[in-house]
Structure formats: structure tokens, C-alpha cells
Amino acid sequence: MELRFDSVTKKYGKKLALDGFTLTLNEGVYALLGPNGAGKTTLMNCITDRIRPTSGAVFWNGEDTRKMGARFRAKLGYLPQSFGLYPSFTAKQMMEYFSKLKNVRNAAEETTRLLELVNLTEDANCKVGGFSGGMLRRLGIAIALLGAPEVLILDEPTAGLDPKERIRFCNLINEISENRIVIFATHIVSDVEAIAKEAVLLRGGKIILSGDLQTLINSVYEKVWLSDQPNSDEALQNDFRISNINKTENGVSLRIVSDGKPFDNAVRTTPSLDDVYLYYFAETAEEENERTD
Amino acid sequence: MIKFELLRMLKSRLVWVAAAVLVIYYVVITGFIAGGSMNSARNTDKQINTYLAQFDEMDKDVLIETLQNKALELTEFVFAPENADRIHTEKGHYGATLMEDFVITVNAAETVQYLLRDYPEKMTEIVNRSREAISRLSENEYAVKEQQKIISQYNRVRHFGLRSGKAAATWLSMQNNYSYFGILLMLVILMLSAECFTCEYSRGMNGMVFATPNGRLKLFLVKLSAMMIVAAATVFLYAAADIVTSIYYMGAEMLGEPLQAVSEFLGCPFSITILGYIAAKHMLLLFLLFTVIGVSALVCSFIKHGFAAAAVSVLPYMAGFFVWRNLLIHPDDVFVLESLSQLRLWMPVCFIDINYYFKKFDCVEFCGTPTERLTICIAVSVLIFTLTTILAASRYGKPGRLKG
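If you're matching them up, the sequences are chains A and B in order. Using the numbering used here, the first residue of the first sequence is number 1, and each one after it goes up by one. Using the numbering used here, the first residue of the second sequence is number 294, and each one after it goes up by one.
Just so you know, these hints were derived from the structure itself, not from any lab. Among these hints, one or two may not hold up.
As the list claims (entries may be wrong) - Pairwise CB distance ranges, derived in the manner of DEER restraints:
hint, chain 1, residue 1, chain 2, residue 2, range
1, A, Ala282, B, Ser495, 34 to 44 Å
2, B, Tyr318, A, Cys126, 31 to 41 Å
3, A, Glu178, B, Ser495, 33 to 43 Å
4, A, Gly160, B, Lys597, 21 to 31 Å
Ideal Cβ positions, reconstructed from N, Cα and C, are used throughout, including at glycine.
Okay, chain A solo, but in the shape it has when bound:
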């Protein structure tokens, strides 16, 4: 099982949404991490053939997915970032409808099993229009799982969910991740830690780093500092990437991500994935000015 991206580039006018994206994925859960506009959704749309890359191609086990067409889509499960369903349909009807679209043979059994998996058995005959955001998302994942897809694509799957629903959702993805490639886009770092085997950091349509979580964390090793300061005024926050501020008796304790030692009293500390995100995606005021100039 191999999903390979070969120099996938997507241009919108002069803007590059994806810039020569090259990566090979095998069985496991992969997180696409990046700020808004990094190219995550564009990449997912290229996989699902909703948009055509300007150049490059996506290959499934060595075969061009665009040439495979419906054969490749039969292997796909897709949960978009925001989606709706027919409000007048019940959850069960919605599942049956997508079973037809996906050529699922034992649709009734699959529907029962998946609705149970996403804890919607009791609501199977309730109209989708009355579902909460969390219920709708769980139904969405059940629909995405119909037909046992080998590639599961989840775009911001936990966005808008309350903490309880998010934990439930992460556990669910862990449960279903065997024997398939799961790609999920997010900017919630804790979700990556909870689910992913590997992560791909995207910015401006380019991969800036990829690998297992430890590799990512190691990339900012010796770049995370703790420093006590009398206060955390705006100037300080503009000058440094501060990942945490704790109040102490004498002022504040700052967790700073920086290449060099930010203050004389700063001491190195163990990095986390939040620090990785901050290091690669947060800009200091100075960097922002340089970029805009």
C-alpha cells in the first residue's frame, strides 16, 4: 500500500498553493500540519480529484490516480472540513445513500456496524437536520468509512468539536487506522500527538519538515528555553516566539522558542510538538515585517 505524491504543484493565477509536493506514504496515520493557506486542503482536493494539479501527479501503488478515476475513488474515504447532509434524511438513509454511491455490497450490515462504531446506533432513525455538530461529524466519519477505504482523508476532523467529542474522535481514528493510510489535516497540535504516526509540516504549499513525531521534536532540540521575567509586555511577545506564559511570585515564567539564548537567565528545556509548531509557523514581529516588506 503506497500513496506517492510526485512534484504535485497547484497554481491559482500567480499564487502557488502547492509547490512541488513530493512524499511517499505507507500504512499509518499522517498529520498534515500547517497554518491556514498552507496548502493542506488543496493537497486533499488533489487526492480526491476535486482539483487537477497544475503539474505533477498522485500515484496509488505506482498507478496514476487520475487515470484510475473511479477505481481509485473506490479506495477513498473522505471527510471534508465543512460539510452538510440532506437534513430530511435519517442517519440510516444517509448511510444507505452513500453505500449506493460507493458500491457497498452488504450495505445494511455495514451501516449497522459503522453507526455502532461512531456511537450513533440510537440515533440511526433520527433526521440529520436535528444532529449536533459532533454527531454530524461522527456520521461523516461513518460515511467516510463505508466500503472499507484503504485511504482515509480527514480535513480538520476535530474543528468545532467540544473537548469530550474531540477525545472521542481521536480514539475513534486510532481504532480505525489499521490497514489503511489515514491523512488528516489539522492545526490542533494535541490531535497530532494523540493520533499521528508521522507528521508533515506545510507552509506556502511546500513541505518544510516531515517525519515521525520524535524527529519533528528533535528538530527544535536545544531551541526551547525557560526564562523568568518581571512581566510579559507586548514588546516581549512581539520579539520572541512565546509558547507559554506562567505567572510566578516575582513576575512570569516564559517558555520561548528561539535559535539563540533569548535572555541571560534562560535555561534549555525539553521541547514539545507545540514548540515545533511555534518554531516553524509563528512569526516574530520582526520576521513578519521582513516578510511583508
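Position chain B relative to chain A; hints supplied.
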């Protein structure tokens, strides 16, 4: 999958609102507007037949003369100043008042003259004109055949169950009123079709649906089939209502009469009954609705918003409405008449009002062969439907310029 598409439509509020609007409009134009005049026409026919019963066995020319004399006598009586009060209060012999007697007598004289003298003479005139045409068109085999068809059509002995043309003429006027219902039906199908082909976008389901193996061509065909079923079912119900209404107001025997029994269709070259005309009318309406579905499907493949797509889809049909409406207002305007004649050839929207195709031998030269406009327009409809659906199918759900 068609089951799900139909189920979705049945659960849609838009469908029920549209159905309610159609039913209410049909009931209003049939029951309140057409119904009143139809009942009055039917009563007039009944009274005329009762009046005419006393003249059975009389010779044709004597009968016409007798009836005309009686009508003249009553006309003089009615218009005499000293009788002004009596005609509305005094009881008549055949109607409720002397005034009604006058109306019955005049109508009876006109009816008998039409049936026994004018209609046969017109038949002869049409046949003679066709014979002349044949001698001029001897090199054109098709045209000759058409003229021969007319001759055989008019040389047949025809039975007129409708003694008076009153009810038939009123029926035609009711049919003309139904043209507005046809327009409304077309707009409703247009709205439903646009909603049907864009609902994945408006619900935000497009990402999920188009990422499935059957979410493109098969889903398009399912939607197309569902819309065609809806259109066919609607037209079937409309046709059934039309026939029931016609029977209710005119009697079942009328449906078996030749279309030429309605004076406006005296020159109709087709051997067709009134029931056949009703069936043809609804078949052609269905053709029109299929083109509407095809055009809106194509527009929806570009514009993924139901209302906007419907608004754009209706534009090509607006030209047809404009000319047709103008023709109703200015029936003698040569420019409008000519425009409509052209449109009748190329635009299936003219199936809203098919009378013009049935009034006379209506043909144009097509690739050197005189061909009936109706045939060409049906072919154009099939072509429009085929091309638009093929183009729409090739675009439906395919990758586009999405924002990243």
C-alpha cells in the same frame, strides 16, 4: 439510487410548495375562469339542440332559410324600443326570457349554417386549393403527398357530435388559458431541476459525493432520470386532469371528434381527434420539459448555485415567451408573426402553445425538402436535450478551479 433521489425530492419543501402552486393555479383557471364560460357554452349547446329538434326532416336549404328568418324576426322584435322592458321579463319558449330565446335562435341559425353550408364549402375550397397546389408542385414528391393527404382528409364524411361549435370554441379558449399553466409548469421544473443538480453544493455535500466511485456520471444519470420521471409524472397528471376537465365540461363523446370540429383547426392537415390533440399537446410539453432539464443541467455544471442557475437557464426561453405573448396581443403584427414562425422552428418553448403547428399545413424547406415545422422542432428538441445532457454529464462533478 433513483429511489433516494425521488425520496429527497419528496421530502423537499420546494417540491410541495411548487405542487401546491400548480394545483391552485390549475383549479383557479379551470374552475373559476374557464368553468363558468364552459358551463354557459354547454347550456347554450343544449338549448340550441332542443330548439333545432323541431326542424328535423327539413331540407338543408329550407332549414337554413327558415332559421335565418326566425332569427331576423326575433332580432327586429328585440331591438324594437317598445319591447325593451318585455324581453328581459317575459318568459321565453326555449330559454328563461325572450332575450334568451333571441340568443338561442341566432346561435342556432349560425350553427346550422356553419355545419350544413360553410363547413362543406370550406372543405371543398381546401380540397380544390390542394388540387391546384399539386399541379404546381408536381416535381416535389413530398409536397404532392402532403396535399394528397389533405384531400383525403377533407373528402371523408365526418360526423359532428357537436351540433354547435360553441362548446368546442370555448374548450379551445380554455386550452389557450392552459398555456399559462404550461409556462408555470416549465418554471417549476426549471427550479426543481436546478435545485436537483446543485443540491450537493448548496448542502456542502459535494466533497464527499464526488469523491465516491459513483458520485459523478452515475449520480448525474440518476438525477437526470429522477427529473425526467418527475416531469413525466407531472405531465401525466396534467394530461389526466385536462381530459377529466374536458369530459366534465364537454362530454366524453367530444374527445372522439376530429380536431377539425373546432373551427380554428378547420385547416388542420392531420387526421387527429380532439383526444389525440390533447395527447400530442402533453407529449410536446414533455419534450419541452426535457429540454428544460437538459439546459438547466448544463447551466448547473457551470453555475453551482440553484437559484442563479435557474435564472440563467430561463433566459433562452424568455425570447420565445416574448414573441408568443406579443403575438397574442398583436395577432396581425407581421414582424412578430414571422419571428414566431422562425422560433417555432428552432425553439421548443413554442410547445407551450402548439396551436400554430396544427392550424394548417405548416412546412418549411429543409435541405431541399419541404418538412413540417413540428417535425423539425421535435428533432431540435431531441438535439438540444442530447447535446446539453452529454455536455453536462462530461462536466458534472469533475475537477474545477476550487480555492485551496
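Evaluation of the provided hints:
1. A hinted range of 34 to 44 Å holds for the C-beta pair Ala282(A) and Ser495(B), which are about 37 Å apart.
2. Between Tyr318(B) and Cys126(A) the beta carbon distance is about 36 Å. The supplied range of 31 to 41 Å therefore holds.
3. For the hinted restraint 33 to 43 Å between Glu178(A) and Ser495(B), the CB-CB distance of approximately 36 Å keeps it satisfied.
4. About 24 Å separates the C-beta atoms of Gly160(A) and Lys597(B), a value consistent with the hinted range of 21 to 31 Å.
The earlier numbered hints are all upheld by this structure, with none contradicted.
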